[in-house]
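All chains should be built: construct the whole structure from the sequences, respecting the hints.
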Amino acid sequence: MTGRTSGTMSGNGDNMHKPTRKTHTILLGAIVVLVIIFINSSLGVIGGEKGKREESGEFAALQEALMKIEGIGEISLYFHYENRESTNPLSNYFSTSTASTNKGSELQGVLVVAEGAEDLKIQSKLSKILSTVLQLPEHRIVIAKMNNRGNTNENE
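Residues in the sequence shown are numbered consecutively from 0, following numbering that gives the first Met the number 0.
Some hints here could point you the wrong way.
Distance condition first, Cα-Cα at most 27 Å in a straight line; then the derived DSSO-like pairs of lysine-lysine [stated by the list, open to error]:
#	residue 1	residue 2
1	144	67
2	144	127
3	120	144
4	17	67
5	144	124
6	127	67
7	120	67
Hints listed in this document are in silico derivations from the structure and should not be mistaken for laboratory results.
Right, dumping it as structure tokens:
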């Protein structure tokens, strides 16, 4: 016997060992973690920008739909958001949802300025519609009458 070991020898005489199952598992785990981090960071940026465009489009569509209701006339909507800043810098990093377009922001109230708002029935109708659509309580919806563009003197 020549005293050789069971491992294979490379051309320069070093022993080469096959990677073990443990090494494969660690390598595969590291790759999966890196891919998840990359996907999460990419989707967060893309999803946030897409969500903002979709939200402004939804509010424009809501404004158009409200103007089609008889008696409301021209309308302007103003939305108020509560900004919640997190003290933990990693709190948004581990978030699984990108549905919220304003991260840390929640719709708190709405101001509606409408031509037909002098009629109490129209005010009530607008308040109920917006409360249902935006899922806000009615006390967070303020409805005001829009000034007539040609009439700047209130006494006339």
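Has the given pair, residue 144 with residue 127, been kept, meaning a C-alpha gap of at most 27 Å? holds (17 Å)
| query | Does the structure keep residue 144 and residue 67 at a Cα separation of 27 Å or less? | reply | The given pair, whose Cα atoms are some 17 Å apart, holds under the 27 Å limit.
#### Entry: Restraint check for residue 127 with residue 67, where alpha carbons must lie at most 27 Å apart
The given pair, whose Cα atoms are some 16 Å apart, holds under the 27 Å limit.
| Under the criterion that the straight-line Cα-Cα distance not exceed 27 Å, is the pair residue 17, residue 67 satisfied? | Measuring from Cα to Cα gives roughly 73 Å; hence the hint is violated.
Is it true that the CA of residue 144 sits at most 27 Å from the CA of residue 124?
-> Between residue 144 and residue 124 the Cα gap is close to 14 Å, so the pair holds against 27 Å.
- Query: Keeping to a limit of 27 Å between CA atoms, is the pair of residue 120 and residue 144 held or broken?
  - Reply: Since the Cα atoms of residue 120 and residue 144 sit roughly 13 Å apart, the hinted pair holds (cutoff 27 Å).
Problem - Straight-line alpha-carbon gap residue 120 to residue 67, limit 27 Å - result: Holds, because 16 Å separates the two Cα atoms, which is no more than 27 Å.
Of the numbered hints given earlier, the model fails hint 4 alone.
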